[in-house]
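K.L.:
Chains A and B, in that order, are what the protein sequence lines are.
FYI, in my numbering the residues of the first sequence are 78 to 190.
FYI, in my numbering the residues of the second sequence are 9 to 216.
Quick caveat, the hints were computed from the structure, so don't treat them as lab data.
Think of the CB as a built atom: it goes at the ideal place given N, C-alpha and C, for glycine as much as any other residue.
Check before you lean on any hint, since a few could be wrong.
Unchecked claim - Some chain B residues near chain A, calculated using beta-carbon distances under 7 Å:
id	residue
1	46
2	177
3	203
4	208
5	210
6	214
Said to hold, decoys possible - Straight-line Cα separation of at most 27 Å, DSS-like style, residue types lysine-lysine; simulated pairs:
id	chain 1	residue 1	chain 2	residue 2
7	A	155	A	183
8	A	183	B	153
9	A	103	B	216
10	B	216	B	195
11	B	164	A	183
12	B	164	A	155
13	A	79	B	214
14	B	201	B	216
15	A	155	B	153
16	B	214	B	153
17	B	216	B	153
18	B	164	A	103
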Amino acid sequence: MKTRAEALSDLLYCHAPILQLVQALKQFSWDSEATLVVLTPSHLRHVLQRYLDGALSAQQLEDWANAIECREDIGFLKAHRDALQEVIHQLANPLLTQAITAENVKKILVTLA
Amino acid sequence: MNPSSPLYQKAFRRYLRTGLSIEIQMKTAAESGRYVWVTQGDDKVRSEHAANEGQIFSWNDPPGTGNPGDDYHCRCTAEPYDDAEEERPLYPDAIDPAYPELLLPLSRFGRLLAGLLRAVDDIHAETLTGEQVKNLGRFDGKLPKDAGPIRITGGKNGQRTFSADVPARNIPGSFARYEKTVDRAGKTISYTKTTYASDGSIVHTKVK
Chain A
78 MKTRAEALSD LLYCHAPILQ LVQALKQFSW DSEATLVVLT PSHLRHVLQR
128 YLDGALSAQQ LEDWANAIEC REDIGFLKAH RDALQEVIHQ LANPLLTQAI
178 TAENVKKILV TLA
Chain B
9 MNPSSPLYQK AFRRYLRTGL SIEIQMKTAA ESGRYVWVTQ GDDKVRSEHA
59 ANEGQIFSWN DPPGTGNPGD DYHCRCTAEP YDDAEEERPL YPDAIDPAYP
109 ELLLPLSRFG RLLAGLLRAV DDIHAETLTG EQVKNLGRFD GKLPKDAGPI
159 RITGGKNGQR TFSADVPARN IPGSFARYEK TVDRAGKTIS YTKTTYASDG
209 SIVHTKVK
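Use the sequences and the hints to build the structure in full.
P.N.:
Okay, structure coming up:
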C-alpha cells in the first residue's frame with residue numbers, strides 16, 4: 078500500500094485516472110497538520126502539457142485541480158506560491174474564472190515559464 | 009535570541025502578522041533541515057529524481073537517490089522548507105493547552121485583533137473547541153484568496169460548519185461556497201464546494 082505522500086505525489090503528476098487517485102487518498106484523513114508534498118511549476122507544466130497533447134480532457138483537468146485545491150497536506154512551492162494557487166483556483170473553477178481551453182492553457186504555461 | 013538577526017526580524021514580522029510566538033518560530037527554524045526537491049522539469053531528468061519532485065526531505069535523511077546534486081551531473085535543487093511559513097492563520101498557540109475545551113473569545117486571536125484575517129462573522133466562533141480552532145486555521149489558510157468572510161454555524165453534538173464564498177470573476181452574482189463541517193474533536197466530517205449560478209440555483213456540488 079502506498080504511503081500518503083506517495084499517493085499525493087501520484088496526484089500531483091496525475092499518474093492515474095483522477096477517480097482512482099482520489100479514491101487512494103480517501104483511505105487517509107482529510108485533516109493534516111503538516112504539508113506532505115509541494116506542488117511545483119514542473120508538476121503543473123507536466124499536467125497542462127498532457128491536456129494540450131490530448132491525453133487529458135478539460136473536465137479531467139478541472140477534476141485534477143479540484144482534487145488539489147484546499148488540500149491541507151499539499152503545499153505550493155514558496156517561490157511560486159501565489160501563481161500556483163491562482164492557476165489551481167482557475168482550473169478548479171472554470172465556471173467562476175475562465176473556461177479551460179487550449180488557448181487559455183497556453184497562456185498559463187507562458188506565465189509559468 | 010538576537011533581536012537584530014535576520015531570523016529574529018523575520019519571526020517578529022510574522023508574530024505581528026499572525027500572532028505565532030517568536031520563540032516557537034525560532035525553535036522550528038533551528039530544527040528544520042528540510043527541503044523540497046525540485047527538478048529542472050525537462051526530459052533529461054532521471055525518472056527516480058522526477059519521482060522526488062515536490063517531496064519534502066531532510067538533509068539528514070535523504071531518499072534513496074541521495075540529496076539533490078549528489079548524483080553525477082544531477083541538476084536538481086533543494087528549496088528550503090519551513091513548515092512555519094505555511095499559511096495557517098490561526099495557530100495552536102492561540103489555544104490555552106490547559107483548557108483546550110474552553111470557549112475562546114475572539115480577542116485571543118492576534119490576527120483578528122490586527123484586522124489582518126478575514127472577519128469571522130458569526131457568534132459560533134466563540135464556541136469552538138481548541139481542535140476546531142486549529143481546523144478553522146487550516147480551512148482559512150487553504151481558501152482561495154478571493155474568499156469572503158468565514159461564517160461559522162453550529163450543529164448537533166458540538167459540530168461546527170465553516171463556510172466561505174468565493175465570487176465569480178466572469179459572471180456577476182455567481183459564486184462558489186466552500187463548506188467544511190468538523191466534529192467536536194476537530195476532525196473534518198465533510199468538505200464540499202458548491203457552485204451557484206447568478207440566479208441562486210446550484211450548478212454543482214463537488215466533494216473535497
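K.L.:
Please work out if residue 216(B) and residue 195(B) have their alpha carbons no farther apart than 27 Å.
P.N.:
14 Å, holds
K.L.:
Under the criterion that the straight-line Cα-Cα distance not exceed 27 Å, is the pair residue 214(B), residue 153(B) satisfied?
P.N.:
With Cα atoms ~19 Å apart, residue 214(B) and residue 153(B) stay inside 27 Å; holds.
K.L.:
For the pair supplied as a hint, residue 155(A) and residue 183(A), confirm whether the alpha-carbon distance does not exceed 27 Å.
P.N.:
23 Å, holds
K.L.:
Taken at face value, is the distance from the CA of residue 153(B) to the CA of residue 216(B) at most 27 Å?
P.N.:
18 Å, holds
K.L.:
A closest beta-carbon separation below 7 Å is what the hint needs, so does residue 210(B) meet it against chain A?
P.N.:
Violated. Min distance 12 Å.
K.L.:
Residue 201(B) and residue 216(B) were given as a pair; does the straight-line alpha-carbon distance stay at or below 27 Å?
P.N.:
7 Å, holds
K.L.:
With a cut-off of 7 Å, does the beta carbon of residue 46(B) approach a beta carbon of chain A closely enough for the hint to hold?
P.N.:
Constraint on residue 46(B) satisfied, holds at 6 Å.
K.L.:
With the threshold set at 27 Å, check whether the alpha-carbon distance from residue 164(B) to residue 155(A) stays at or below it.
P.N.:
Violated: residue 164(B) and residue 155(A) sit about 39 Å apart, past 27 Å.
K.L.:
Using 7 Å as the Cβ threshold, decide whether residue 177(B) counts as touching chain A.
P.N.:
Cβ of residue 177(B) sits 5 Å from chain A, so the hint holds.
K.L.:
Residue 183(A) and residue 153(B) were given as a pair; does the straight-line alpha-carbon distance stay at or below 27 Å?
P.N.:
Holds - the C-alpha atoms of residue 153(B) and residue 183(A) are around 23 Å apart, at most 27 Å.
K.L.:
Holds or violated: the hint that residue 203(B) contacts chain A, with Cβ atoms closer than 7 Å.
P.N.:
Since the shortest Cβ distance to chain A is 6 Å, the answer is holds.
K.L.:
Measure nothing beyond the straight line between the CA atoms of residue 164(B) and residue 103(A); if it is 27 Å or shorter, mark the hint as holding.
P.N.:
25 Å, holds
In terms of the numbered hints stated before, the structure departs from hints 4, 5, 11 and 12, listed from lowest to highest.
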